[in-house]
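Novice: Next come the chains, spelled out residue by residue.
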Amino acid sequence: NAGVTQTPKFQVLKTGQSMTLQCAQDMNHEYMSWYRQDPGMGLRLIHYSVGAGITDQGEVPNGYNVSRSTTEDFPLRLLSAAPSQTSVYFCASSSRKNIQYFGAGTRLSVL
Amino acid sequence: KQEVTQIPAALSVPEGENLVLNCSFTDSAIYNLQWFRQDPGKGLTSLLLIQSSQREQTSGRLNASLDKSSGRSTLYIAASQPGDSATYLCAVELNRDDKIIFGKGTRLHILP
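Going down the list, the protein sequences come from chains W and B. Using the numbering used here, read the first sequence as starting at 1 and increasing by one per residue. Using the numbering used here, read the second sequence as starting at 1001 and increasing by one per residue.
For the record, the hints were derived by calculation from the structure and aren't laboratory data. Heads up, some of the hints might be wrong.
[Said to hold, decoys possible] As a list, the in silico DSBU-like pairs of lysine-lysine whose alpha-carbon atoms are at most 30 Å apart:
(1) W:Lys9 x B:Lys1099
(2) W:Lys97 x B:Lys1001
(3) B:Lys1099 x B:Lys1001
(4) B:Lys1068 x B:Lys1104
(5) B:Lys1104 x W:Lys97
(6) B:Lys1042 x B:Lys1104
(7) B:Lys1001 x W:Lys14
(8) B:Lys1042 x W:Lys14
(9) B:Lys1099 x B:Lys1042
(10) W:Lys97 x B:Lys1042
(11) B:Lys1001 x B:Lys1104
(12) B:Lys1099 x B:Lys1068
(13) B:Lys1042 x W:Lys9
(14) B:Lys1001 x B:Lys1068
(15) W:Lys97 x B:Lys1099
(16) B:Lys1001 x B:Lys1042
(17) W:Lys97 x W:Lys9
(18) W:Lys97 x B:Lys1068
(19) W:Lys9 x B:Lys1068
Isolated chain B (complex conformation) (with noise of 0.2 Å):
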């Protein structure tokens, strides 16, 4: 069975600083993973889509990469802002089933 793990539950941290929100998943068997943002009260809004081909994509200033083999990815966020503040998701596409599970997120707080 997949399963997606973020660490951090929550981080904070002062604004400006470069940071880097984690997911792994335990069956490299995926088709994609996406990093979504959530804020309080709202729905999801897609960041990032990383094809199971594709090493990292890149949105402005946010990088997100991907190695199937290890199970991971990384979202990095560069130079942050107190509007950053947020939930980030990832959450993986699977192969065999079309199913997407998602992680419990990552919630970040940008300290002005």
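Next up, chain W with everything else stripped away, as it sits in the complex (with noise of 0.2 Å):
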């Protein structure tokens, strides 16, 4: 049971760089969501969804996008990549209002 899977784990960009970070859970669970950790900030979040076809605005919206066009995945899309979006990205699933499960992180550095 691979529970929720993130790739990559570790990514450098520069400045204006698109990219997809993946994740993709195994569970069948509706709740998805995706947060970054920054030192002093704690877990903030971004963006979330409560099942296939619908999403919406954490915390930290900006300079991220979502879709979640099949209950397994939950991709999170920077479309031009800023050294403020430097971050270690985590996504986790959960069955509604239960136990949240968490990926292992993906390292970003925007250079």
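Two chains, two frames, some hints: make the complex.
Specialist: Structure, rendered in structure tokens:
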């Protein structure tokens, strides 16, 4: 049972480049979310989804796009990377109103 | 706006001691509260989930309580061990919009 899988584990980008962080879960969870974790800031919610075809903004959505075309996948897109987006990104999933399961994280550096 | 605060930010205690970590939240309209553990460089692992209708949950040496009316939760760790060293985070799930808001965590170090 893979749980929540995030790829890649590490990524270095140049300012202005675009990329997609992948997140997949195999637990048939309705709820999926993306967080970023920065020193001294804790985890901040970027975007979340309560089911396929439904997405909503979290606390810090600017500069990020998401889509939820299937229950399993919830990719996070950076359209034009900025140094302020250097962070560790975590994807999480849960059945509605239940325990959250986290991926191992993606460490992103934007130069 | 819901805010979640964890005090202290860091804590060091000798092995074997019982300890309490605190979490407070500003809006009592929550659906549930979770406590997580995060080891350095790793993802988060859920420890305990308390529904808003519950007062406490227990798992092994861990006990979490919830007082929704005062906006507080505590995580009690009994007979602490060096392996308990980690960052502990609490998170509340909101009733109104399904958002889950985290505190900044308490970094715990158990001294052998």
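Novice: For this structure, which hints from the list above don't hold up?
Specialist: 7 and 19
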